[in-house]
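> Order-wise, the sequence lines are chains A and B.
In this text, residue positions in the first sequence follow this note's numbering: the first is 28, and each later residue adds one.
In this text, residue positions in the second sequence follow this note's numbering: the first is 28, and each later residue adds one.
Derived by calculation from the structure, the hints in this document are not laboratory data.
Hints may contain errors.
Each pair may be met inside one copy or between any two copies, as identical chains are not told apart.
Straight-line C-alpha distance at most 20 angstroms; calculated DMTMM-like pairs for lysine to aspartate or glutamate [as the list claims (entries may be wrong)]:
| # | residue 1 | residue 2 |
| --- | --- | --- |
| 1 | LYS114 | GLU228 |
| 2 | LYS173 | GLU291 |
| 3 | LYS114 | ASP296 |
| 4 | LYS224 | GLU112 |
| 5 | LYS276 | GLU228 |
| 6 | LYS224 | GLU202 |
| 7 | LYS173 | GLU112 |
| 8 | LYS276 | GLU77 |
| 9 | LYS114 | GLU259 |
| 10 | LYS173 | GLU275 |
| 11 | LYS173 | GLU202 |
| 12 | LYS114 | GLU77 |
| 13 | LYS114 | GLU206 |
Please read all numbers here as calculations on a predicted model, not as lab measurements.
Single-letter residue listing:
Protein chains: 2
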Amino acid sequence: MALAPPTIGVFDSGFGGLTVLRELLPIMAGAHFVYLGDTARLPYGAKSRETIARYAVSSGAFLLAQGAELLVVACNTASALALDELKAALPIPVIGVIAPGAAAAALHPGPCSLHPSVLVLATAATVQSHAYFRACAALGLQAYEKACPLLVPLVEEGWIDHPVTAEVLRIYLSEALAEAPTVTTLVLGCTHYPLLKPLIERTLAELNHPLQIVDAAHAAAHAAAALIPPSESTAPPTCSFYATDSIEKFQRLGSAFLGQPLPEVRLIDLGG
Amino acid sequence: MALAPPTIGVFDSGFGGLTVLRELLPIMAGAHFVYLGDTARLPYGAKSRETIARYAVSSGAFLLAQGAELLVVACNTASALALDELKAALPIPVIGVIAPGAAAAALHPGPCSLHPSVLVLATAATVQSHAYFRACAALGLQAYEKACPLLVPLVEEGWIDHPVTAEVLRIYLSEALAEAPTVTTLVLGCTHYPLLKPLIERTLAELNHPLQIVDAAHAAAHAAAALIPPSESTAPPTCSFYATDSIEKFQRLGSAFLGQPLPEVRLIDLGG
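Using the sequences and the hints given, assemble the complete structure.
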């Protein structure tokens, strides 16, 4: 008898986590995904740890009520600041993006453990939490974290392959490589950044400093898939999408993040 | 007998409204200002009209409880979407930034009323509301509204006078002037934009298309001052600052917006 198809909850403060879902779809045939973007309360980055934990737990509880047997926290801020609270509050496995991102970086050890071997690009909030620094340190890696506050707005403006974005990347990467010239691996520590991977690779080549690029979204998807028993199904996975407010931007930009057209997004109210 | 010094509430979703307070301070000797940045719930721009009105009314009620006799809504989004609700909910005069900005633009009539004479630069949310378009139309002016989503992040990155910001402005202004070549006046329709005024003037000169620049923050401050009886006091105004979350960024960037060092910011909880 075939196992029932697993239901997997994927949660982000917005639509950035669709880059994690994009990585999950090709490796989890037969699964049903329920995606929640807590758009009414984004961005989580500027908010306090207590507030973020409260928002994340209410989002997780919604996905549990939709039948989720596993929760993927496809949001760096919530992974950095609310993973313990989510694990304590929910009776299902919870996986974030930061530990898998650090573990993937550890597959590419640097030349020397006394100097940083890992460069993490992330939002200001994720850098301030130093969650990647700690996750890397737990694996014996030194990380240098670089806040890149303009990259999310540039991606959301649609300037994925644009001279301005190239110049901003050149500035951020030059500053980071001046501070941490020993790095050999770069972690994309924000769910928006996979869309910039080609431009980041090109900029690093122009700076004559190629790095091994680790996509935390990709790493998290594979870590999540490893927690689910392999399915006998070969049916394409199915998805439901929910947002807490303002689904227009979600619809408009989401398909670029998901890599395919985005079907109906349903509006729900989690209060607050 | 001297009148008691007036207490004036100034409200924004963040610290951008400090550019309005900056314009109020030199023209209102003797006044006491209470500034509230609703940082726990920013940005308002991505949220629905109902949610923004609820947030704005609770912020206005807090300032009323602090003794405000006049409320200055130093926030384009709240001015666009919640001014009527604020006026209905509060027993004091309420003034926003949009009507004064449009009125200031009307002081510089264009050559022809059949084509746009006013270019409004604003956030995507303010443009989507078309509040400036309507406020200008009520004064017989045609406005062309241009969304400039990268300018707030660039200002918050501190890149006020930076080649990347100059290039972004050149792109936005070129696009707007191609769509609306007849404009003669430019309205800074976001409280962050006064910090970019010198760079905007330089970019317009390079594009060989100088425009009369109207600062909605400046116009709103003068409209607010006109509602308060002239004070006999020559004492410098005093200020109290409140925020609902995350005062670190407020403290760090606020002094650039206020044009002077920012004293203590007190954290308050408005719920939500």
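> What are the numbers of the hints that this structure violates, sorted from low to high?
1, 2, 3, 4, 5, 7, 9 and 13
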